[in-house]
Amino acid sequence: MTASKAKRHSDWRDGFLFLGNQLALDFLNTRPVDNGTPTELLPDFSALLRWFEAARLLSHPKRARFHKQWRNSKRAREVVKALRSFRDIFREQVLRWSQGGVLNHATI
1 MTASKAKRHS DWRDGFLFLG NQLALDFLNT RPVDNGTPTE LLPDFSALLR
51 WFEAARLLSH PKRARFHKQW RNSKRAREVV KALRSFRDIF REQVLRWSQG
101 GVLNHATI
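The numbering of the sequence shown is our numbering, which starts it at 1 and goes up by one.
Hint data in this document are derived by calculation from the structure and do not stem from the laboratory.
Built from N, CA and C at the ideal position, the CB exists for glycine as well.
Heads up, a few of these hints could be off.
Okay, the calculated beta carbon distance ranges per label pair [to be verified]: (1) R13 - D88: 29 to 35 Å; (2) R77 - T39: 17 to 23 Å; (3) S59 - L95: 31 to 37 Å; (4) S59 - L25: 21 to 27 Å; (5) Q99 - R77: 29 to 35 Å.
Work out the full structure: start from the sequences and follow the hints.
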């Protein structure tokens with residue numbers, strides 16, 4: 001589903017798209033594609049923490065504490081990079097599966 005179509009049938013929270021009560025799939029929507037152009041919604045650690053809070057996986061006080069503690073660290077940048085990489089691999093698997101293909105169990 002494109003981002004423009006999804007806006008009409010979705011729940012946007014703090015700039016993030018949540019669709020089917022499946023957080024794993026909602027995580028894929030942190031890089032929506034609109035008219036063939038992907039948009040990165042997790043450019044940095046602050047955005048990642050905002051997504052966790054919007055997904056109701058992290059309270060606001062914990063988000064603020066993690067942000068203060070880690071925001072400018074090399075480790076935070078590595079975490080964002082690793083999660084975006086996982087998201088892209090996971091997206092490929094979901095698309096493959098949705099087209100009748102076989103999942104790579106090593107990915108999952």
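Going through the numbered hints above, which ones does this structure break? Give me the numbers in ascending order. 1
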